[in-house]
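K.L.:
Okay, here's what each chain looks like letter by letter:
2 protein chains.
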Amino acid sequence: MSEESGLAPEIAARLKRNEDGLVAVVVQQRGTGEVLMMAWMDDAALQHTLTTRRGTYYSRSRGQRWVKGETSGHTQYVHEVRLDCDGDTVLLVVDQRDGACHTGDHTCFDADLLLGPEEEHAFG
Amino acid sequence: MSEESGLAPEIAARLKRNEDGLVAVVVQQRGTGEVLMMAWMDDAALQHTLTTRRGTYYSRSRGQRWVKGETSGHTQYVHEVRLDCDGDTVLLVVDQRDGACHTGDHTCFDADLLLGPEEEHAFG
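Just so you know, the protein sequences line up as chains A and B, in that order.
Residue numbering for the first sequence follows full-length UniProt numbering, beginning at 1 and increasing consecutively.
Residue numbering for the second sequence follows full-length UniProt numbering, beginning at 1 and increasing consecutively.
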């Protein structure tokens, strides 16, 4: 896949892809540090992200690459791309335009709190 | 798996597990927002995390559950647990004691920068 993706061999060699050829991606807002979403990339999506600074992913359900915001307008400008210690997860630090979540929420983690801080109480 | 895990049925029903029965987990430092690590949970690991507030995961390579810091002492106190919009990723907000990464680094994303900010230059 790397040969066709154009991804630099020294980066491709450090990736530990899953059985579908993908690495996990965590996307974080620059400045606030909010975790916006989690997604997947193949080599070509990573290469597209590195060269264009537009967050680009691989949809497992649709079986194709997609550029975040291409249809919604909720684009991501990518400031940093980091690879984790075992090479199977990428961290993007981005400026997110409008909501990152397809539901309209700011992040994909806004709606469903399973456990809250011990000392605080929820109102409303 | 839920029956044995003790996980509340209303939570178990919202999880969209992968073919190995796992959900992805993003772990973030409280306050700073740093993304510390990415890992996986089965139902029992999530239940253990919710009830003990100690970050508990499932190791795919070892095929067993593990409590972060159990051997290293680098424990995590869990302040918040959130589920994402499609139920396949959990976000933990934690207080991390010492380094989160098995390499000794503070986070698993410290060592390998694939792309840096456009305006800045790297020295050293």
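To be clear, the hints were calculated from the coordinates, so they are not data collected in a lab.
Be a bit skeptical, because a hint or two may be false.
Simulated coverage check for chain A against chain B, where a stretch passes if three residues somewhere in it have a Cβ under 8 Å from a Cβ of chain B [said to hold, decoys possible]: (1) 55 to 61; (2) 98 to 105.
One side only, chain A facing chain B, incomplete, derived with CB under 8 Å [stated by the list, open to error]: (3) A12; (4) L15; (5) K16; (6) G33; (7) W66; (8) V67; (9) E70; (10) T71; (11) S72; (12) G73; (13) E80; (14) L113; (15) L114; (16) L115; (17) G116.
We put the CB at the ideal spot given by N, CA and C, even for glycine.
K.L.:
Hint by hint, where does the structure go against what was stated? Just the numbers, ascending.
P.N.:
Hints 1, 3, 4, 5, 7, 8, 9, 10, 11, 12 are the ones this structure does not satisfy, whereas the remaining hints hold.
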